[in-house]
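Sequence order for the protein chains is A and B. Residue numbers for the first sequence follow this note's numbering, beginning at 2 and rising by one. Residue numbers for the second sequence follow this note's numbering, beginning at 134 and rising by one.
Because the hints were derived from the structure by calculation, they are not lab data. It cannot be assumed that every hint is accurate.
Example chain B residues on the side facing chain A (calculated, C-beta under 7 Å, incomplete) [unchecked claim]: (1) R191; (2) R241; (3) S245.
If you only want the chain A side, here are some residues facing chain B, beta carbon under 8 Å, derived [as the list claims (entries may be wrong)]: (4) L15; (5) Q18; (6) K20; (7) V22; (8) I118; (9) I119; (10) N121.
Below 20 Å or equal to it, Euclidean Cα-Cα: the simulated EDC-like pairs (lysine to aspartate or glutamate) are [stated by the list, open to error]: (11) K88(A) / E123(A); (12) K11(A) / D302(B); (13) K112(A) / E229(B); (14) K11(A) / E285(B); (15) K88(A) / D188(B); (16) K20(A) / E229(B).
For glycine and all other residues, C-beta sits at the position ideal for the given N, C-alpha and C.
So the chains spell out like this:
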Amino acid sequence: MKVQVLIRLKSGVLDVQGKAVEQCIHELSQADLSVPDGSAESGGAHGSDSKAPASKAPASKVSAEAKSTTPGKLLPTDSVSQVRIGKLVELQVKSSSFEQAKVLVEALCKKLLANPIIENYEIRQG
Amino acid sequence: MRVSVIVFPGSNCDHDVVHAFGDLLGHSVSMVWHRDTDLQNPDLVVLPGGFAYGDYLRTGALAKVSPAMAEVRRYVAKGGRVLGICNGFQILCEVELLPGVLLQNSERRFLSQFVSLRVDSPKSFITAGVKEGTVVTCPIAHGEGNYYADNETLKRLEGDGRVVFRYCDEQGTVDPSSRISNPNGSAGSIAGISNESGTVVGLMPHPERSLEKLVGGLGAGSCMPLLEHCSLR
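Okay, chain A solo, but in the shape it has when bound (with noise of 0.2 Å):
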């Protein structure tokens, strides 16, 4: 039986990896989708040794595309926030019945897989 446990930190615990990633969806959303990001270019690098420049045809087919599509921001400014990071933890669990299973995960998550100082879980069919 497949379970699925869900992690987080309670509310009011600093999540640093959280802001991380919020502090970088605000850089994100202020980004200009109309420039190109270069990909085409990078793709020389991968593996070669030649130390010659990227062609410039491809990164102009790119910008050509880019300019296709609506320009402007990823996201409106300041529409994201109080970005938290959790975790999932999925097992394989034998057992006759979800309510079995879940009470072995339950010691699991109270023993080892979740700090009940700083970690709420939640148990559920996977």
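Put chain B on the given structure of chain A with help from the hints.
Chain B alone, transformed into the frame defined by chain A:
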């Protein structure tokens, strides 16, 4: 004194601890692999710094299943002394030999720097006989050193004199809200705590890294007296 250093997969400060207690302080030191159940009859067990089990799941979390840790618990129950340094402190909290937890540094940066520590309690084996208010200089190197416990636990620690070390400025002033004197944002600027009997001590800084003239570890503010005190009865 017989010192046993528990080595987990991912521990990387074990050799510094062996050097400190063995070469510099002249004690008999054994390294105990985490799967061993023979602690080698120690007077002191040290849980060293590093990244035991890769910090997987949570830092220090998986160390609780190591056979050596079951023996350490038995050893503590009989009055044995344990010093947990950095990752060792994190492990002691996860196995509940000490209360609370170490969160990620509040400023989101791995901190590798010197800090000043104030000795706030003479009740632990490492500070017995050290004057309260003594300031020592010590390096820290951690990404998760932000000590956290609920208010009830913090009150108990403070009231029982179990806060052994606090981060402070060079004059010994403690200010939990200051990024300078409390760089990782620990509650109450707590850098190290003990259990009720003072036989188990955990601290985030690394006294074992700053005991020699070459690294400026001697002279005023040296950590040497603290480790020397470990062998006092």
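Status of each hint after checking the structure:
| no. | hint | in the structure |
| --- | --- | --- |
| 1 | R191 | holds, 6 Å |
| 2 | R241 | holds, 5 Å |
| 3 | S245 | violated, 17 Å |
| 4 | L15 | holds, 6 Å |
| 5 | Q18 | holds, 7 Å |
| 6 | K20 | holds, 7 Å |
| 7 | V22 | violated, 11 Å |
| 8 | I118 | holds, 5 Å |
| 9 | I119 | holds, 6 Å |
| 10 | N121 | violated, 14 Å |
| 11 | K88(A) / E123(A) | holds, 11 Å |
| 12 | K11(A) / D302(B) | violated, 32 Å |
| 13 | K112(A) / E229(B) | holds, 11 Å |
| 14 | K11(A) / E285(B) | holds, 17 Å |
| 15 | K88(A) / D188(B) | holds, 14 Å |
| 16 | K20(A) / E229(B) | violated, 28 Å |
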